[in-house]
Each structure stands twice: as C-alpha cells, then as structure tokens.
Amino acid sequence: MRHFTTVALTGVLLSVALTGCGDNAPASDGGPPVMRRLTEDQYRQIIADVFGPDIVIGGRFDPIVRVDGLVSVGAGATAINSAAFERYDTIGRSVAAQVVDPVRRDMLVPCRPADPAKADDACARQFFAGVGRLLFRRTLTETELAGYAALADDAANRLGNFYVGISAALSAMLVRPEFLFITDTTEPDPDRPGEVRLTAKAKATRLSFLLWNTTPDDALLTAAEQGQLDNAKDLARHVDRMLASPRLEAGVRALFADMLAFESFETLQKDPVIYPALGLVAIEHSREQLLRTITDHLLVRGEGYPGLFTTRKTVMSGPLGLVYRVPVADPDAWIDFEFPAGDQRVGIQALIGFSALHSHPGRSSATLRGKAVREILMCQKVPDPPANVDFTLVSDSTNPIHKTARQRLDAHNTEPSCVGCHKLMDPIGLSLETLDGAGQLRTTENGVPIDVSGELDGVAYSDAIGLGAAIAQNAAVPACLVSRAVAYGLGRTPSTEERAWLAAVEQRFAKDGYGLKSLLRAIAVSPSFYAVTPPADAGTVASVVEDKHS
Amino acid sequence: MNKALSRRRALKGLVNGAAVTVALPFLDCFLNDHGTALASGAPLPLRFGTWFWGLGFNPGRGVAPETGPNLRFLEECQALVPYRDYINYFSAFNTPLDGKPTTVHYTGWVGCRTGSVPSAGGEIPAPTLDVLVADQIGGTSRFRSLDLSATGNPRDSYTARNTGSRNNAEVSPLAFYSRVFGPEFADPNAADFKPDPQVMVRQSVLSAVNEQSRDFVKLVGANDRQRLDEYFTSIRELERRLELQMQKPAPVEFCMVPPAPADGPIGDELETALANHKTMSDLLAMAVACNQTRVFNMLYSQALSHIHRTGEAFIHHTLTHEEPLDPALGYQAEVAWYNLRSFEAMAAFIAAFANIREGAGTLLDNTLIFANSDTNYAKLHALDGIPVMLIGKAGGKLKTGYHIAGNGDPISRIGLTAMQLMGLQVDTWGTQSMQTNKPITEILA
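Those protein sequences? They're chains A and B, same order as listed. Take the first sequence: its position 409, counted from the start at 1, is 409 in our numbering, and no numbers get skipped. Take the second sequence: its position 224, counted from the start at 1, is 224 in our numbering, and no numbers get skipped.
These are calculated hints, taken from the structure and not from any lab test. Some hints here could point you the wrong way.
Sample of chain B residues at the chain A side, in silico, Cβ under 10 Å [stated by the list, open to error]: (1) Gln136; (2) Thr140; (3) Phe143; (4) Ser145; (5) Thr151; (6) Asp156; (7) Ala175; (8) Phe185; (9) Val205; (10) Val217; (11) Ala260; (12) Gly264; (13) Thr310; (14) Leu380.
Note that this is a predicted model, so its numbers are computed, not measured. Here a beta-carbon is modelled for each residue, glycine too, at the ideal position from N, C-alpha and C.
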C-alpha cells in the first residue's frame, strides 16, 4: 500500500519575499464580501476534522449550482431552501448523535457529567466552547455559550440524558448560519478611513478554505485573534505551515474536484453491454485515480502544472486495470503505474476520469471532450448551439459511408451555422478518439483506422501525444488554473479590477515553473486576496450564469 | 362515517401535561353525503403538480389537429387514450423571445413554467408556477412540495424560486419512501397517536436557532440578506412541520401506508428510469392522498433526455438530432420509440392518481397536473408550440377532453389558467411579450 508523503518546503520558499506576490504585484481593491454556502466537500471535511473521519454522513446533500466554472462560486449565490435545510437538519442530527454515542463520547466530549442522567451545565459549556470555536470559526460569545448550554440542559432534563442534551444542542449548531455559511465579515479599516477590511476571523477562514478546504485550526484562529494575520511576516509563516501540512492534500483534491466538475461522477453510468468493465466500482476508482495522479504530480513530485497533460505516470488499481487492459501486480491496492513510451494515453485528459466522464453512456464524444478541454482546462466558454439547427447532415454511426466520428462530425466543419463553435471543440476531441466511451484504447472504429491528427490554436499535431503537448504549452491552461484557484478561494468570480493582480500571479506562476504550491502561496500571502470592498446595496443583485454540460 | 365525533373532542388533547391542539380536520366524517365536499360545504382540497418529459414528440404523431372538445391522441401518445377525458391539450402557444438568445433545451421549459424568458442559460427569472401555488396552498400539509426525478440526477428538476434557489429532486424510491413514510410519518388512520417527545426537543432546538440567528443578519450585506430570508423561511417551514407532527392527523379514508420499495439501481437507463418513475409515482400519489403534500413535481426525462437503452450507443437526445428520417416512415423511428415510452410514463403517472379513491371519485378528480416539454420538434429545437397538457378535473373547475390551439399566443396563458384554477388571485402573469391577463376560458367550467 502506498503512503502519502509530503515534499518538505525548502529554504527557497522561506526566503521568498513575504509581501504581496513578491514581485511588486499591483494591489487590488478586491470585490464585494461573499456569503457562500458550505459545499458537501467542505461539510464532510469539517466534520471529519473536528469529530474524526469515522463519523458517517449518509444521505444526500442538496446540490449547489455550478457558476462560472465552479461550485465554490455557485455557493455564493445559492440559498438554503426548505428541502436543503431539511437535509442539513437530518444530517446534523445524525452527526450529533454519533458524536455522543458510547463509542465516541469519551473521546469527543472532554469532560464527564456529574450524573449522566441529568444536565451538567459546566461540562456542556466546556464542550461547546471547544467545538463551537471550530464549527463557527471563531470563539463563541458568553451569550452564545450560555444559550447552547441552556439548550443542552433543557433537553437533558426533558429526556433524562446528558448526552442526548449535548446532541440536541450540537444539532442546533450544525444548522446555524455561522456554520452553514462561510461569511466574509468586514469591519472599518483603520488604515483607510471610509473603507472596510475583512475581520481577522474572516481572513483565517478564507485562507483555511483555500489551502485545506476546512475550518481554521486552533493555531490559525489564535493567530487571527492576536492580530497576526494583519502582519505580512506572520501571515506568510502560517501559510507556509499550512502548505507543509498533510492537510494540503485534501485542499488540493477539493480544488481540482471542483474545477474538473466531479459532481458528474455522481450520475456517471456506462452501458453494461457495451462497456462491461466500467461498472460503478471502476468509476469510483477512476475518480480517485485522477485525483491521485494530480496530487502525486503536483505535490509529491512537485512537478509543474502543464506536465499534467503530458505525464505518463499515474496510479492503477485492480478494477481499473481491467478497464485499461493493463496488468496490476496487486489488485487490492493502489500502485504507481506508468504508461510505456509511445502509448497514446498521456496526460489526465486520457484518463478514464476525464475521457469517460465526458462521453455518452454507450459511445465516445469528440465534441463533449473538446468542450471539456476548452471550458474546464482552458476556461474558454463555448457558445450554446443556435436554436434552429438542422442535424440532418450528421448521419448515424451505422452509416456505411461515415464509419468514424471524424467522418460523422465533418458536417460540423462544413455547415456554416456549426463550424464557428465546433472548430473549437471537435479537433481536440477527435484526437482523443483512440479512447472509446469507457476510455479504453482502440485504433479503429467500424474497421477504419482512427485519424487522431489535429490542431489546437495554431499548433498542429499528429496524435494524442502531440495533443497533450499542445495543451501543455497553451497559455490559456495555466491562466485558467490561476483564475479558477483565485475564484475558488474568494467564492466569487474575480472582477475586472482584479485582472492586473491575476496577471501578476500568472507571471509569478510561470516564473516558479508552474508549481502548485508556489501558486497557492502567491495567492495566500497576497494582500489582494484579502481585500474587500463594501457590500453591494440591495437591488444590485449580480446575475449569475450556470454552467451547462450537455 | 362517525357523525357522533364532536369537534370539541377532536380539538383537545394533552401530552405529558402540555396542551396539544388537533389540526382542523379534513375528516372523512365531515364529508357531505355525496362525498363531493366537506359537510361544511367547502370543496375537497385541490392538489397541484407538474410533470415533465424531454424532447416533445415527432410532428404529426402526438395529437390530432382538430381543436375544440375533440381531443384525439395519435400514435406516439396512444398510452394516454384511456385518460382522454381527464386531459386538455394545448398547441400553437409560442414563446416570444423579445430579442433574447435561445438557450436550447432550457429557454422553452423556463418560459413555460415561469412566464418569463431567461436572458442566459442557468437563469431562473421568476418562480416556477408550482412554487407560486405552493406558497398559496402548501402551508397546510407536512411538505410544502415533493419533487422527484426518475433520471437519478437530483439537478434534473424544473422547479425553482429563483436562480439561487432550486428545488432539487428526490431520485431514490427508497429514500423518498423513508422521507415521507418513514419514522416521522404519522399514519392518519392509526388508532393511537402519541406525540414523540423528541419532536418537542427538536422544536426547542429550531426555536433557538431561529431566535439567535437574527443577529447574524447584521453581519451581511443586502444581497445576502435575501438569501438569509429564505434560510429563515426554511426554519419556519420545518417548525411548522414539527408542529403538525405534534398533532393527531385527521383520518383519511383511502390513505394506506405502502410497503417500502427495494433499494434498487437509479439512473437514466430506460428500464431503470421507467421502473423508478412508476414506483415513485405510486408513492407520490399515496403521499398526496395521505395529505403529506398538496404540491408535487415529477420529471421523467430531462430536457436533454439522456434516457438510453442498454446495449445501444445513442441516447434519446442524440437520436433526435442525428437519426435521419426513415424514408419509408417519414419520421425518426428510434425517436418515436422513445417518445412512446415517455407517454407510457405519463400514463403511469396519471394512473397513480386515478387509482386512488377519494370521496365519490378518485384523487385525479381533485388534482390538476401541468405537464409540459421543453421543445416542440426536438430535431430543430423548435420553441413555438411546445406541447402542454393539463391533466385532472381540478375539483370540477375545468372542462376536459379539449384540444386548444393558441394561434401563436404566449404560452404563459396556460400557466395563468392553471394558477387561477388553483385559486390564486393572479390576474396577470409573465413579463414582456409573455405577459398575459387572458386565461383560456374555453376550458373553464
């Protein structure tokens, strides 16, 4: 079984300039404060971090709409309606019940009640003071503490059980807006009269969710309370601490799960007759394979981001070996794997978690894959199809003349109403046609050799290996990651005024060899990441556009 | 019927020393002798729901062109023939765009259900009509609405208050059953009723959450306060539901708790979707009959219908665009096959309501179902003439068996008519060229 190891930060990073991005990056005034609903990932991570990973969270979370490429941005526009609240309530009660069950209570409740059949106000206060600080991402006020203790006491007395009382009050905490919403609270900026700044705890929260996708730990909260996060040197010290932590892996996984639209895995199914090897277990493994490939490349080996699109290195498991048709030495474990030189399966775009995710249940789709590369990896929105389009020219896959996807899609490149958009997508996807709808390698379709040559933004290539190189060298690709990472951390799309700052971050990213840790550090230590403008007035609700994946 | 039951006795009760009030009943013994109304003369409660299928039907193969009280179904809608006398069909009602771009497989259903055309994909410019109806009548039952999807994807749900507030769907029959008929279900016909003391604790919890949360409002800007308003409304909604759980529900003659369904597969493979659709339809109809909700939404296939058959490479949506017209038949044969399944599903949904007795008739007599698609001829993404049906007798408030041709009128006229039938005081609905104050009077009783 593999063990995760972290590449230790070297003195190089520690010696990096500790102000802004270190390269005189233009300061940004920031944007409006955001109140974003906890995503399912964040909820689960917080519960695991506060109460332990063995807490079972069953049932389904109410989905959050994806906006501008990220669920994290959609979270800033999504309300908690009745059905969503009902689910949070159900999940919260279940979590609370597990926290106090006989197996866990001695570990998770730091004190013992004088009589477990009765209320114990002092013990309740002790519990909620500790837990509340982590769940609410700040120290509870005396009024709040008294309130939760009183709630626990009342429930304990009604039901004759101290721990049931704790569970009831904890369930209240888990549906509070302080928990369910990540809120950019602001205060007057003493250095800029008339302007506002994030409160210390809001800064800590923004930082923690960027790097770890979870609530700030006690050290960060204490630093915030002591005003350390207003000091660039201390801020950088905490950023470096967090970048060196094993918790960074969870944060990076969450960032890419959001960016790569992993919610599609929840409903991904393949035709069992056409692709029998890609069942639900293999699909789950393909998701994990993609995330491990990313973290191994970017965190363990510390390699540059563009290399994700040319790498042959990945991991393999038994179920995946059957799909990829490769031998797996230990089918019950995850093992390091490398595709041989010359194999067309290079880059994460060739892994099942991408190629099969962006396909139909029973066949591949050059258009869907090309669209995914453009929109997900390059942040380039492909316009919607026109309304009155006639697909008569595109005949079916059993047509005796058009045997391959390239032949069938050729109509897209000749029909005037189609070519404008399809030329953005189809050439990319057609170069991935050696991967069928399950991501399995093939060289022919209907007996005809598959032509995988193509061109990406003026760069011609002859096969999928060349496509990977073309993606890797495309300037839009690292720029897209920068944009997404910043938006992910802010919980909103960067404004026009922030573009200069983003451009500086991109330049720094390139200068540092496209290292992910370097990128995250540049964002996290930048004053621009914490800048905030006064809240928008009522009646100026920003319009949002949901991403659609057909 | 137990006419000896006194209202005074029905209204008083005690639990653990705390006074408990009983909900003013819809009691079968309060029905009039004909079973058509309450003894007080008030009508039986109306229910409202929506049903959605993707990709319309092939031109000339859904409904015969003759209009008036001459509704006649053609081949693709053959499954609806037994229910003809419960259905009104609407054709030739259009969706004027007022210069806005069309988002295919989106603009159509949004315009139809909100009365407004979205400016971009993902935007919900106004509440869907079921939300407006639920705001009016949803407060008296345990659930404000119940929302379901047969596709396995909770995001396949076309009911929303606004862009940021979508009603996502239940997709698992077993999870739906557990939610409605599980431990928190109070059987209205159970002989004994004992309020759960845990519920009182939950009420205290929510009361505390609601009270203390007011301070949070001061921390956020005006934009976010609107979302917080909805959060508070959601708390009150759950409080209301808990209050109902503390009261003995009124008996309902034909409410029978169904057996729990199996924990089977979910997804948009055809047989799976059809099976789950039927199971959930039956559960939903019984939930309605048991007064668990008065508003509901079911989606059989999404606008981009990913329904597909095992062993076949193409999904329904792709076929509508890529299957050539059969030279002998003159239409897309595979698409037609999928359309037949869509209307078989619709028939199963109607049957679920028609097969539950209520009063002297059936649940369908006291229900109005708004069924629509996202497009007319899917091959061309045609927005004009999106097929819409009103199903059910709505308590006798409308005539049925009609084919109404809209002559290009805005499709919002149908939604306006439906809401007025449900008793909403709405004279005008929709925006810009979709704004209308003309209900379809031909079908009003």
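Hints versus structure:
Taken as an interface hint, Gln136/B does not check out: its beta carbon lies about 15 Å from the nearest beta carbon of chain A, beyond 10 Å. At about 15 Å, the closest approach between the beta carbon of Thr140/B and any beta carbon in chain A exceeds 10 Å, and the interface hint on this residue is violated. For Phe143/B, the interface hint holds, since its Cβ comes within 10 Å of a Cβ in chain A; the closest pair sits about 8 Å apart. The restraint placing Ser145/B at the interface with chain A holds, with a minimum CB-CB distance near 8 Å, inside the 10 Å limit.
A distance limit of 10 Å between C-beta atoms decides the matter here; for Thr151/B the minimum to chain A is near 8 Å, and the interface restraint holds. Among the interface hints, the one on Asp156/B holds; its C-beta lies about 9 Å from the nearest C-beta in chain A, closer than the 10 Å criterion. Interface hint at Ala175/B: satisfied, since its Cβ lies 7 Å from the closest Cβ of chain A, which is below the 10 Å cut-off. This hint is violated: Phe185/B has a C-beta 14 Å from the nearest C-beta of chain A, more than the 10 Å allowed.
This hint holds: Val205/B has a C-beta 4 Å from the nearest C-beta of chain A, less than the 10 Å allowed. Annotation: Val217/B was flagged as interfacial toward chain A, and the flag holds, the nearest CB pair being 9 Å apart, inside 10 Å. For the restraint placing Ala260/B at the interface with chain A, the shortest Cβ-Cβ distance is roughly 16 Å, beyond the 10 Å limit, so the hint is violated. Taking 10 Å as the C-beta cut-off, the interface hint given for Gly264/B is violated, the closest approach to chain A being about 13 Å.
At its closest, the beta carbon of Thr310/B sits 5 Å from a beta carbon of chain A; the interface hint therefore holds under the 10 Å criterion. At a threshold of 10 Å, the smallest CB-CB gap from Leu380/B to chain A is about 6 Å, leaving the interface hint in force.
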